Amino acid sequence: MLPIVLLSILGLVVLFLGFQKSKNLLLPATLLVLAIVLVANFLHWNDMPSLYFKNMLFENKFTMAFSGIVIFSAFLIVALTRGFVDDESAQPAEYYTLMLFSLVGAVMMIGFENLIMLFVGIEILSVSMFILTGSDKKNLRSNEAALKYFLMGAFATGIMLFGMALLYGATGSFNLTAIKGYVMANNAPSAMLYVGLLMLLIGMLFKVSAAPFHFWTPDVYDGAPTIFTTYMSTIVKTAGFAAIYRLLSGSFSGIYSFWWMTLAVITVLTLLAGNITAVYQTSFKRMMAYSSISHAGYLLLSLTALTNQSQSAIVFYSLAYSIATISAFGVLMLVAKETGVHSYENAERFEAFNGLGKKNPLLAFVLTVSMLSLAGIPLTAGFWGKFFVFSSAADRGLTWMLVIAILMSTVGIYYYFKAIIAAYMREGELSAIKVSPFYRLILIATTIITLVFGLMPDFLKGLV
Amino acid sequence: MNYLPSDYLPILIQLGLALAFIVGTMLVTHSIGPKRNSKLKDEAFECGIESQGDARTPISIKYFLVAILFVLFDVEVIFMYPWAVNFIKLGSDGFIEMILFMGLLLAGFYYIIRKGVLEWEK
Amino acid sequence: MIPHLLSFLTFHPLVGSVVIALLPNSQKEAFKWIAVFFCACQVVVSAVVYYFFSTQTADFQMVEKADWITLSMGSLGTVSIDFILGVDGISLPLIMLSSVVMMVGVFSSFSIAKREKAYYSLYLLLTTSIMGCFLALDFFLFFLFFEFMLLPMYFLIGLWGGPRREYASIKFFLYTLVGSLLILIVMIGLYISVIDPYESELAKTMVHTFDLRLMTDGRNYLPDSILTPSGEITLLGVPSRMLAFWLLFIGFAIKLPIVPLHTWLPDAHVEAPTPVSVVLAGVLLKIGGYGLLRIAYPIFPDAAAEYAFTLAILGVISIVYGGFNALAQNDLKKMIAYSSVSHMGFVVLGIASLTAEGLNGAVYQMVSHGILSSLLFLLVGVLYDRTHNRLIDNYRGLISYMPLYTIITGITFFASLGLPGFSGFIGELFTLMGGFQSDRLPVWLTALGTLGIILAAAYFLWTFQRMFFGKPWAKNPTELPFLSDLNRLEKWMLIPLVLMSFALGIFPGWLFSLSDKTVSHLLKIFE
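Protein chains in written order, with our numbering: chain A, 11 to 474; chain B, 18 to 139; chain C, 412 to 938.
Everything labelled a hint here was simulated from the structure, so no lab data went into it. Keep in mind that the hints are not guaranteed to be accurate.
Capping the alpha-carbon separation at 25 Å, the derived lysine-lysine pairs in DSS-like fashion look like this [to be verified]:
no.: 1; chain 1: A; residue 1: 369; chain 2: C; residue 2: 443
no.: 2; chain 1: A; residue 1: 368; chain 2: C; residue 2: 443
no.: 3; chain 1: A; residue 1: 31; chain 2: A; residue 2: 147
no.: 4; chain 1: C; residue 1: 882; chain 2: C; residue 2: 935
no.: 5; chain 1: C; residue 1: 528; chain 2: A; residue 2: 444
no.: 6; chain 1: B; residue 1: 79; chain 2: A; residue 2: 147
no.: 7; chain 1: C; residue 1: 528; chain 2: C; residue 2: 443
no.: 8; chain 1: A; residue 1: 148; chain 2: A; residue 2: 158
no.: 9; chain 1: A; residue 1: 428; chain 2: A; residue 2: 369
no.: 10; chain 1: A; residue 1: 428; chain 2: C; residue 2: 582
no.: 11; chain 1: C; residue 1: 525; chain 2: A; residue 2: 428
no.: 12; chain 1: C; residue 1: 582; chain 2: A; residue 2: 368
no.: 13; chain 1: C; residue 1: 525; chain 2: A; residue 2: 369
no.: 14; chain 1: B; residue 1: 132; chain 2: A; residue 2: 147
no.: 15; chain 1: B; residue 1: 132; chain 2: A; residue 2: 148
no.: 16; chain 1: A; residue 1: 369; chain 2: C; residue 2: 476
no.: 17; chain 1: C; residue 1: 476; chain 2: C; residue 2: 615
no.: 18; chain 1: A; residue 1: 444; chain 2: A; residue 2: 369
no.: 19; chain 1: C; residue 1: 528; chain 2: A; residue 2: 428
no.: 20; chain 1: B; residue 1: 132; chain 2: A; residue 2: 31
no.: 21; chain 1: A; residue 1: 428; chain 2: A; residue 2: 347
no.: 22; chain 1: A; residue 1: 148; chain 2: B; residue 2: 106
no.: 23; chain 1: C; residue 1: 439; chain 2: A; residue 2: 369
no.: 24; chain 1: A; residue 1: 368; chain 2: C; residue 2: 902
no.: 25; chain 1: C; residue 1: 476; chain 2: A; residue 2: 368
no.: 26; chain 1: A; residue 1: 368; chain 2: C; residue 2: 528
no.: 27; chain 1: A; residue 1: 64; chain 2: B; residue 2: 106
no.: 28; chain 1: C; residue 1: 528; chain 2: C; residue 2: 439
no.: 29; chain 1: C; residue 1: 582; chain 2: C; residue 2: 525
no.: 30; chain 1: B; residue 1: 132; chain 2: A; residue 2: 33
no.: 31; chain 1: A; residue 1: 158; chain 2: A; residue 2: 147
no.: 32; chain 1: C; residue 1: 439; chain 2: C; residue 2: 902
Here are the computed distance ranges between Cβ atoms for each label pair [stated by the list, open to error]:
no.: 33; chain 1: C; residue 1: 614; chain 2: A; residue 2: 19; range: 40 to 50 Å
no.: 34; chain 1: C; residue 1: 861; chain 2: A; residue 2: 436; range: 21 to 31 Å
no.: 35; chain 1: A; residue 1: 19; chain 2: B; residue 2: 44; range: 55 to 65 Å
no.: 36; chain 1: C; residue 1: 612; chain 2: A; residue 2: 45; range: 38 to 48 Å
Partial pick of chain A residues on the chain C-facing surface, computed with a CB cut under 8 Å [claimed, not checked]:
no.: 37; residue: 279
no.: 38; residue: 290
no.: 39; residue: 388
no.: 40; residue: 409
A quick note: this is a predicted structure, and the numbers were derived from the prediction, not measured. Using N, Cα and C, we set each Cβ at its ideal position, and we do this for glycine too.
Pulled out of the complex, with its shape left as it was, chain A reads as follows:
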């Protein structure tokens, strides 16, 4: 559990670094912290699964892989912040610190063994996100987004807490293993357990923006500064799914027949709502918000199946999705900054990419690869993510859901290709965008990772 300790302490250090006159040190320091934490995370890779902090936290390869994804994504996102949070009104030290602290929450959510820990983790993550969403203080939409996110999030947390209380009432414990023991021992658990589980699930599905709890997502993702939208759509989602997986597989696999239908309906709704609404978006950022809903649907499909492949399928899918999302938003930030000078209105629409392919072949290529990966075209990591998810669903025999998911992924291709069409087939007056070498390096790295995992998925799949 080194990452939690390190992130908390080093986060404070970064916060106090902000008192220095020169802010130039902040970004390298944050990156250094994340690099250290990433290494520390994998120190115990070969150890046996173990419990920490008086049975509050659990650590095995799965949680380490997930923490690794979250920390690595955070590293990439922080690396892309240069020039986006260090203008005069912003407070970079606070933002970086909040990001680091939110990671603490994410790691807790991934490794929780006790429902209290889950709650604490979700709160740490969410509160940080509420603030970061509203960090563009002079922008009305950012404020609106933060307020919406806060109100809805608080409500969802309330429901979740209620659910936990009911579970405690039913089983007499917050401990996952103890709850599992209760579920296994009782053939007909009390109604309280069922209601508690459902309420807990509702709260968590809200966090990962599954339909019908997704209505906040587009507004919040759209209003938040793009860099934090990236953060939300990757890290919050990844941690949320890890938590749901741990909850369902750790405690409630015994009553699969009870919750699978609920989750199946939610999955189908999420797939339909995310994909179909995304088709009608004119803003790229909003489209990405709906696309994140649809990806939540695919991940839920694997959770609904809950076979023993689901675990590695979720790990792989989250990584592929996070990397592709980061590079897509990375390109969007550069382009929006360039076009935003002329007209703020168009900065985040699909039209912003018009003519990208001509003057900025690298950016266009990065965008294309990330869109292909999100769409699930072979030879990208996204394809394998979908493949594993579909395989686990097929293994469980969820044929009708599989058909819906596959149809919806065709719909997905339509809207992802809108960005590619804009980049290559539309004329635009976009001039050559200056990209700093470091930024360029990160974008190339994400693209290469996507392609390498597309070609050799066993490289990662074999690990977990």
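Given chain A, work out where chains B and C should sit, using these hints.
Coordinates of chains B and C only, in the frame set by chain A:
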């Protein structure tokens, strides 16, 4: 000992009575009391100051900051009480944990001071 | 024997693609000649493959196998995806066809005048994926090439196409993608069901495989698996194997294309630039037919036999519907696109007949149609390059401006409508013969199919008469000075193809000798 839902009935009745009493008295006083409003009657009489402007005036954000900081640092005491009561039982582990906790709080306190949140005139 | 010959055949255009992408933008001439070099190289290599190919055996030849991806899938055991290439009597004719068509396509691409670098790079990428598709013997590898083919094609139509290119390219992409996703479903079902007995013995666990050769053998299926040959498992009330067959069929039928899944084809052809049309009609459509012969039929023979009648009906509907539509078109390219639909219907009819004549005829018809449709689109390209107009109504009496063009068009039209002595005749004859001989198909159905030949005669001859005979006239007289006869490059593209069609029509036995062994081996499982 097992409680049946029907065992909670007295509480429910109590709750109902309490609600009924409040709502009832409010309704009754409003309906039987005489109401005669005039401009003269609503003015400040003998003592009191002439009312000026709207009651809802903007208050400096600093009030809120101080208020929220008060809440934040006040709540910590909740942790101190049980810790103090069980001081012997928790032993050195408990002591170290509390030192850690206080350390984090002090770090936050230092941050607030450095940020100048507590300086009223700035 | 040369080791790794097939890998070389598949991947060497990729080298060209990368080289072109790395060269500076100013080297416009170099791009062309690099592309020509690599396509010529492909023709030579496919000739070498032909040289080493033995017609005495039905087995796959020159097989290359390498481990690629091994995934541990928990309780499922492990999944092994291999890199397997091989050639047999069905793929060899198509390989030779596609190398020739790609070569001609490069020459035709010389008229492309914008973003040459990207164009030739994508073109060579397309070449690689087409070859890979014909050679892959691992279902996953096949799927990969099948799917990957879409991307270069999408950009080739979308970037260099006509005014409605965006619509046409995304329509093409989505249609084919739906098809390939249906194939993906079956692929997942198959790999869950099939294990590699030899590898499983070695690894002491269940090794699931994508090897197409193993999928054809019912003994390799797990007894309780979803696609087990005993056929007891039902999904949504339909036996799972029947469902899987239909999913595969729809996937390939979109590519083929079969009415009513054909609507992307006229749009794509009309908007695509000439060389892309040539490749699309000449090679890409064949992958649909090839997929049926390589995957759908050998793996699901029970379903194929059961639904032979339905499939044949679909084929005949395509023949007739495509023919009538071609008759109604005013746009020359659309007319040819619908004639493609009609001609590919013969392929389905031949395959559905499940007779040696029918299947050999289907392979033959694919090759023949590859050559003839390439010719037709090249001829349209000649006219379009000169006037940027290709409406049939706009021209009369072209013979007096372009005599050689008229002659070659005439020959091609006659060859396409099935004049004996040309390849089209043999292909149609054998598929129809197969249809008549098959005891699975009623005679009236195949008789209805012959209507396609009559319709072909009608629309080709009528078009020919309208455009080339009569008083010289053009709707827009300013176009007349541009109507010059064929230049040297065009002659070099067109005449060899005409000769090839002629040679195949005179010596059909040569092509049949290649495919015959494989086809009769395939038919054994239907007895």
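Next on the checklist: Tell me the numbers of any earlier hints that the structure contravenes, in ascending order.
Outcome noted: Hint check: 4, 16, 22, 24, 25, 34, 37, 38 fail, others pass.
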